[in-house]
Every structure is written in C-alpha cells, then in structure tokens.
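Sequence lines, in order, name chains P and G.
Taking our numbering, the leading residue of the first sequence gets 1, the next gets one more, and so forth.
Taking our numbering, the leading residue of the second sequence gets 1, the next gets one more, and so forth.
No wet-lab data here; the hints were simulated from the structure.
Some hints here could point you the wrong way.
Unchecked claim - From the derived model, a few chain P residues whose C-beta atoms are all more than 10 Å from chain G:
id: 1; residue: THR83
id: 2; residue: TRP123
id: 3; residue: LEU442
id: 4; residue: VAL579
id: 5; residue: ASP626
Said to hold, decoys possible - Only part of the chain G face toward chain P is listed, based on derived beta-carbon distances under 8 Å:
id: 6; residue: GLN13
id: 7; residue: ASN14
id: 8; residue: MET17
id: 9; residue: SER19
id: 10; residue: LYS24
id: 11; residue: GLN55
id: 12; residue: HIS71
id: 13; residue: THR100
id: 14; residue: LYS105
id: 15; residue: PRO106
id: 16; residue: ILE107
id: 17; residue: PRO109
Glycine is no exception: its CB is placed at the ideal position from the N, C-alpha and C atoms.
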Amino acid sequence: MANQGEKSFSGALLLCLALVCPILALLQPAPAFTEGRTVRVGVYENAPKIFTAAYGKPSGIFIDVIEAIARTEGWNLTYVSGTWAEGLDRLEQGKIDLMPDVAYTADREKIFSFHAVPVLSAWFQIYAPRTSTIQSILDLNGKSILVLERSVQEEALARISKGFGLTFTLINVPDYDTMFERLARGEADACITNRFYGPMHAKKLGLKDTAIIFEPSDLFFATPKGDPQHLLAAIDRDLEELKKDPNSPYYHSLSRWVSEEVRFRLPSWLPAAGAAAGAALFLSLLGGVLLKYQVNARTRDLQKINQVLGASEQKYRELVMLANSIILRWSPDGRITFLNEFGQRFFGYFEEEIVGRPLVGTIVPGSESTGRDLSSMIAAISHDPESFERNVNENVRRNGERVWIDWTNKMVPDEQGGIKEILSIGSDITARKKSEEEIRRLNEDLRRHAEVLEQRVAERTAELVVAKDRAESADRLKSAFLATMSHELRTPLNSIIGFTGIMLQGLAGPLNPEQQKQMRMVQGSARHLLALINDVLDISKIEADQLEISMSTFALGPSLEKMAALVTPLAVKKGIELVVEVPEPGEMITTDPRRFEQVVINLLNNAVKFTEKGRVCLACRDDGKDYLVSVSDTGIGIAPEELPNLFQAFHQIDTGLSRKHEGTGLGLSICRKLLDLMGGGISVESEPGRGSTFTVRIPKREGGIA
Amino acid sequence: MKDTLLIIEDNEQNFYMMSFLLQKNGFAVLGAGSGLEGIEMALHHRPAAILLDIQLPEMDGYAVAAQLKKHQELAHIPIIAVTSYAMSGDRERILAAGATGYIEKPINPETFVMELAQYLKPDSPSRE
Numbered sequence: 001m002a003n004q005g006e007k008s009f010s011g012a013l014l015l016c017l018a019l020v021c022p023i024l025a026l027l028q029p030a031p032a033f034t035e036g037r038t039v040r041v042g043v044y045e046n047a048p049k050i051f052t053a054a055y056g057k058p059s060g061i062f063i064d065v066i067e068a069i070a071r072t073e074g075w076n077l078t079y080v081s082g083t084w085a086e087g088l089d090r091l092e093q094g095k096i097d098l099m100p101d102v103a104y105t106a107d108r109e110k111i112f113s114f115h116a117v118p119v120l121s122a123w124f125q126i127y128a129p130r131t132s133t134i135q136s137i138l139d140l141n142g143k144s145i146l147v148l149e150r151s152v153q154e155e156a157l158a159r160i161s162k163g164f165g166l167t168f169t170l171i172n173v174p175d176y177d178t179m180f181e182r183l184a185r186g187e188a189d190a191c192i193t194n195r196f197y198g199p200m201h202a203k204k205l206g207l208k209d210t211a212i213i214f215e216p217s218d219l220f221f222a223t224p225k226g227d228p229q230h231l232l233a234a235i236d237r238d239l240e241e242l243k244k245d246p247n248s249p250y251y252h253s254l255s256r257w258v259s260e261e262v263r264f265r266l267p268s269w270l271p272a273a274g275a276a277a278g279a280a281l282f283l284s285l286l287g288g289v290l291l292k293y294q295v296n297a298r299t300r301d302l303q304k305i306n307q308v309l310g311a312s313e314q315k316y317r318e319l320v321m322l323a324n325s326i327i328l329r330w331s332p333d334g335r336i337t338f339l340n341e342f343g344q345r346f347f348g349y350f351e352e353e354i355v356g357r358p359l360v361g362t363i364v365p366g367s368e369s370t371g372r373d374l375s376s377m378i379a380a381i382s383h384d385p386e387s388f389e390r391n392v393n394e395n396v397r398r399n400g401e402r403v404w405i406d407w408t409n410k411m412v413p414d415e416q417g418g419i420k421e422i423l424s425i426g427s428d429i430t431a432r433k434k435s436e437e438e439i440r441r442l443n444e445d446l447r448r449h450a451e452v453l454e455q456r457v458a459e460r461t462a463e464l465v466v467a468k469d470r471a472e473s474a475d476r477l478k479s480a481f482l483a484t485m486s487h488e489l490r491t492p493l494n495s496i497i498g499f500t501g502i503m504l505q506g507l508a509g510p511l512n513p514e515q516q517k518q519m520r521m522v523q524g525s526a527r528h529l530l531a532l533i534n535d536v537l538d539i540s541k542i543e544a545d546q547l548e549i550s551m552s553t554f555a556l557g558p559s560l561e562k563m564a565a566l567v568t569p570l571a572v573k574k575g576i577e578l579v580v581e582v583p584e585p586g587e588m589i590t591t592d593p594r595r596f597e598q599v600v601i602n603l604l605n606n607a608v609k610f611t612e613k614g615r616v617c618l619a620c621r622d623d624g625k626d627y628l629v630s631v632s633d634t635g636i637g638i639a640p641e642e643l644p645n646l647f648q649a650f651h652q653i654d655t656g657l658s659r660k661h662e663g664t665g666l667g668l669s670i671c672r673k674l675l676d677l678m679g680g681g682i683s684v685e686s687e688p689g690r691g692s693t694f695t696v697r698i699p700k701r702e703g704g705i706a
Numbered sequence: 001m002k003d004t005l006l007i008i009e010d011n012e013q014n015f016y017m018m019s020f021l022l023q024k025n026g027f028a029v030l031g032a033g034s035g036l037e038g039i040e041m042a043l044h045h046r047p048a049a050i051l052l053d054i055q056l057p058e059m060d061g062y063a064v065a066a067q068l069k070k071h072q073e074l075a076h077i078p079i080i081a082v083t084s085y086a087m088s089g090d091r092e093r094i095l096a097a098g099a100t101g102y103i104e105k106p107i108n109p110e111t112f113v114m115e116l117a118q119y120l121k122p123d124s125p126s127r128e
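Generate coordinates for the entire structure from the input sequences, incorporating the hints supplied.
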C-alpha cells in the first residue's frame, strides 16, 4: 500500500517538500526547562520499538526518540531493563520515571499519566505458522493464542471473544521474542503482536501474518500518575518539533527500524539527497496514515457487527433462558436435548439431570389423567410435528404433580431437510384448566338449577292456570250471583214500595195520620234499601268491568235543573237555600246522561244531607275544554286528612256520622269511577265547619273521552 | 170501555200489587204465571198491552216476547218489560226481543200508570 501511494503521489510531494523543508530547517529547538535531571526509563524487549541491542545498549524507536528529547531538555537518562509487566509495575511504584511504548487506555489512565502527541501508531495483527488455516476472527474459535501479559492486546482479545461468542485459550508471555519462539515451536496456534515487531521477525521463524488486523492504538511514554517529574509537557513539545522535521532523529529512527522494505530503500536514497529521502519518509508515513484510516474504518464496521451480534445473542439467550415459557428441544427418538432455565425450574430438574433423558417417564407421564396414551402421542409428534403445532397435554413435575401445558411444536430441520429436533414452547395452563373446569362445573350446576327452576315455573304456571280458571269461574259466578241477587232483592222491594205507594195514595182506603206517618217511614226505609242495592250493584259492575257507558248528546241546562228539582223537597224541608246557576239552554253535552245525572244527584244529595243551614249551590262553568259542574255547600266540611281517602270505596267520613247520615259510603267512589269511564274527573275543596265544593269535569267533546 | 192489560208475572205479590194499582186506575187486568200461559191468554183475550216480567219459570221473558211477536194477530200489541234485571244490556236485549218499553222494578206507584200510558195506543183495535 505504501508502494502504491509512493508511485501516484511522488511528483507532487517532492515539489511540496521542496518548499516545506527549508522552513522547517529555520525553526529553532525550544529552550530546555529541566536541565541536568535524571530520568529513569524502563526497557523491555519489543523490537524494533524498544529492545536491548546485542551489545547491551537499549535501542529502538522509543530509545531514539527519548534520547533526542533528552538532548534537547538536558536530561540524563538511565535505563532499567525488565519484562513489560515488570516495567509497568515499576512505573506504578515510581521506581522509574518513564515507560516507553505504552498504549493509552482508560484503565491505564487511572494509574499512569500520558502525554498528548503519540510517538507511534500501532495496530495488532495475528501471526500464525506458515501452514495455518487461520484466516478470519471466527477461525480463532477453540484455538490457543499467545499474548503479551497485561497488554492492550490481551484486553482486545477478551472483547473479541465476548463479542463474537468465541472461546479460545490465551497464553500469557512476557515478551514478543518468547511469543514468536513458542509459536514457532508449535506451542500455540497463533499469537498477537504489533505491526512493528511482526514483520521484522516472522519470516525467519517460519511464521506468517494473517488477515486479522485490529485495534489500532497510539503509543506513548507513560509516567507515574500525576507526572511528578513534569516530563510530559516537554515530551509533547519536543515530539511535535521532531515530527515537523523530516530530517529529525524521529524520522531517522523510523526509517531505520520500521520495515525491511523501508530499511532497504532508504539507505539507497538518503545519503544522496536529503529532500528525496524526506519525501520517501513522508510517503511511507502517508501510506501508514491511509492504511490506518482503512483499518479504523474496518474496525468500526467490525465493532458495529460485534455489537449487533452481541446484542442479538444476548437477546436470544435472555429469551430462551429467562422467558416465562418452557422452551424444550428434543430429538425424534424422544430424548430431551435442551430445557431452558424456566423449564428446569418448572419441572424441578437440573440441566444435567434432564438433558439426554427420554420425555416419557420424566416430564411426560405415560398416560394422561383423562386416559390418553401420551407415549404414542410423543411418537406421533416426533413423526409429524406440524400436525401437533398446537397441542395441549398433561405433563408431570418431578414431585409427581400433574400440570397442563399448552405446547407449540416446531420442527428443527437437519441439512437434508429431515427432522433434527422438535422445538416445543409451552405455557402452564393448569390454573386456566382448573378455572375452566370450575366454570364447567358451575355451568352444570347452573343448568341443573335452571332445569329445577323451569320445572317449578311450569308447575307454578299450571297452578296459576288452574287458579286463573277458578278465579274466572268465580268471577262468572259472582256476576251471575249479582244478577240473581239484584233480581231477588228487587222483587220483594217492588211489592214493599209498590204497596206502600198504593196505600199512601189512599187507593186501598183512607189512612189515619198515624198510619200515614208509619207508611212513609216504611217507604223511606224501602227507598234507602233500594239505594243500597243499587250502589252495591254499581260497584260490583264497575269492578267486574261490566259497567257500560252509553253516550248521547243532550242539553246540559235542563238536565241540571231536573237534578236540582229532585233535591228541592229535602232542601226546602231542611230550610236550606238551593241556588242553581245553569248554562244557556243551547249548551249541549255529550256523555252518558243516566250516569252523569247519577253523579250530580249523588253530589246534591250529599250536600243537602251534610248541610244544616245556609245554602247549596249547583253551578256550571266552561273552561273551553271541559264543562265544570260544581256543587258547593255551607255544611260541615271535610277534615284535610280525610280528603285523600274520600273517593275510595266503603269510605264514609267519621263513623259517628253514619247514624245521622245514612249512606253506603259507596257514592263518591262510584262517582269517581263513573267519571273515569266517561273521560272526566272529580275534585274537592273543603274546610271543616265552612263547607265543601265538589267539582265534576266532563269533556265538552266526545273525542275527549277515554 | 176499559183497556185490558195482561200481566205475565210469576211473583204473586208483585202481580197483585200491579194488578190492584192498575185496576184502581181504571184498567181491566188479566194475569198469567208463566210465559206459555201468557201467550195463550194473549191469543185468547187480545189485551191492549202486555206487562212482561223477564225472569219466568220454563220460558223466560225474552222468549215470550219473541213468541208473541211471531203471532201476526199479536204482533201489534205493545209489550212493556217490567223487570228487576238491571245488568248492562238487559234493556237492549229485551227491546231487541220485541218489547215496546221497559220499566225497572221496583216500580214507582206514583208514576207507574203515567209511564205505562205512553206505550198504550189510543186507537188500539183490541179495545173491548
């Protein structure tokens, strides 16, 4: 990749560098602030970044860089050698001041301090023996991998393992040399190293780089936490200057150590032309930047995929293991291959106890409590799961408790399309079943009760029919009885009243005054008896709905005058004034004349009967819709508490009066019922001791009659 | 000449009371205790009017009225029902059966003759 970049951009870059380089050359190094200081630097073996050269001198890119900085800053460097892990420990304990080649991580930031300008950028690459088939991350599954202990690679591999769901063995080694040696000896399947070490050492050990490149990281010097020697600011400042100048020791160091290719090419160009060498270095760096960009992009994609895969895997695991459903997989021979956590808890088995065992005899009883053979049902499901896609059957818990499960069965096909497994997802519906059973039982009870009730209703209806028949026949009997009684009572009364009248007329010979007086008493009693019979007959007819109204139109005035005339003799006898205010002779009324007159005469009789002095007034008004015929008196009046019961049958006010005022107590109730039948009404206003006014309302038109 | 009235009435007191009253008022009175007897007497005597009770033994007043009307020579004689039947429809029924008038029992002796007179035809051919 560096080669391609070089070819395409070399012309333009050469021109560019020709302008830039003189400017860089003019820049002065910054003044030193920490002169004469001794800085202890950790050394470990990670060529070419840092290592101990054959003659015991620390070497490598980081040594070149820190020595250049030390020169600028006037530091005296002392080196403390050890493994990578020892170096980190020493730095943490403050036994050294600087540890080179430390990748920045958030965890490390907690115990170390870093400067800002990276010394190098590195990425990691998996190396494997030349014959290895490892090509992708997934190929690492089940492999053993050598990794630098306490390195960022170790963490990176742990993340990959988790993200891809891979399992591999990590073998910690103290340094890269040991790593490559052990890999070359075949002690592991692969190792992970950086882009600096790998290319330099792979070939000679018969190892190769794989396509697995990941986790680019920036490498820094690290100080103990808080940078107690105040070294980091100086490092950044100087590093920035070094990176600006292509002729600086920084680029010299890179070109010397980075790769064979560069190492090979640079010496042929550099001594001859400084500018050309700078250009080559720059191109190499640019190539590195491009590569890094691509790696970054690819890494981001991978991370995204990892996240998605991880999330989906997590979701599946949660769903299957923690779902509040039983998730069961079983082979066509009826053996359990998987039971999720919920299912294990539900049935009361541990995973190792249940997996591999047959369904029948563990969670499936041989036969259901209903008698269904479940062994053959399981066999049927395993032959044709689709027919049993939804299946409710009884299961059994380890403790013997029977439960009802609603199963959904799906076939898991093998590569040939045959049945590999059956996936069964079940919900416990025992409670529901019980409720349904209870509901069925209650329904049955209800049905039985309903039957009993229906039976009773039928019986009661039959009784009622009989009772109704009886009542109806009793009613017919009553009507017949009334008719007969009416006749039978009137027949002797006819004689009594007839003979009394004949004798009082003197047709049977003259009567002396005492005889005349007594005959009048007989006549009065007979007439009263007749009135009683008539009232009882009327009430009976009304209650038997046998009273018929026969309408006709007649003149209202003359009718009222006739009624007034009937009570006049009694009024005169009692010394009561009878005032009659009748309408014009032309005023016609349409109603039942006989019943209308019965009502009016009843009211007039009452008024005269209950009035000792003063007057009785019969009047008629017309409110446009109805005729209002009123009978008012100046009699004893009616107490307010008596008014509501006034029109009820057999009600006569104040029984003490009955001796004085003869009557059946039926008159007013007959009046009200007659008026109801005629579409009219009756009302009363009264004040005890001052008198009463009864008002009869009769519709003017026949159409107003109900 | 006095008008002769036929009273068909099974109650002796009632018959005597009406008979006495009518005789005192100048009528000749014939009596029959049953419907059949009444029809026979009507055929024989051709009364000016027949006072007919409804409730009678064997043949009731409705049937008697109907029978009387069937005889051509009797059809013109006014029949006045005198009855204590007071249920609704009684009046209509007896008028439909052929009665000319209807007087409810108990009768009013002061107005009875007057009520009766209005049903008697002044030029009745059966006057004796």
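Hints, verified against the model:
Remark: the non-interface label on THR83/P is consistent with the geometry, its nearest Cβ contact in chain G lying 134 Å away (cut-off 10 Å). No beta-carbon of chain G is positioned within 10 Å of the beta-carbon of TRP123/P; the least distance is around 123 Å. Even its closest Cβ contact with chain G, about 58 Å, leaves LEU442/P beyond 10 Å, as expected for a residue assigned away from the interface. No beta-carbon of chain G comes within 10 Å of the beta-carbon of VAL579/P; the shortest separation is about 27 Å.
Once the 10 Å rule is applied to beta carbons, ASP626/P is consistent with being away from chain G; the minimum gap is 26 Å. Interface hint at GLN13/G: satisfied, since its Cβ lies 4 Å from the closest Cβ of chain P, which is below the 8 Å cut-off. For ASN14/G, the shortest C-beta to C-beta distance to chain P is roughly 5 Å, which falls under 8 Å, so the interface hint holds. Hint status for MET17/G: holds, given a least beta-carbon distance of 4 Å to chain P, under 8 Å.
Hint status for SER19/G relative to chain P: violated, with the closest Cβ pair at about 11 Å, above 8 Å. Taking 8 Å as the C-beta cut-off, the interface hint given for LYS24/G holds, the closest approach to chain P being about 4 Å. Given hint, GLN55/G at the interface with chain P, holds; its Cβ is 6 Å from that chain's nearest Cβ, closer than 8 Å. Evaluation of the HIS71/G hint against chain P yields a violated restraint, the C-beta minimum of about 28 Å exceeding 8 Å.
Given the 8 Å rule on beta carbons, the hint for THR100/G is violated: about 20 Å separates it from the nearest Cβ of chain P. The beta carbon of LYS105/G is positioned within 8 Å of a beta carbon in chain P (closest approach about 4 Å), and the interface hint is therefore held. With 8 Å as the threshold, the beta carbon of PRO106/G comes within range of chain P, its nearest partner Cβ sitting at about 4 Å, so the hint holds. Given the 8 Å rule on beta carbons, the hint for ILE107/G holds: about 6 Å separates it from the nearest Cβ of chain P.
For PRO109/G, the shortest C-beta to C-beta distance to chain P is roughly 3 Å, which falls under 8 Å, so the interface hint holds.
Hint compliance for this structure: hints 9, 12 and 13 are not met, and every other hint is.
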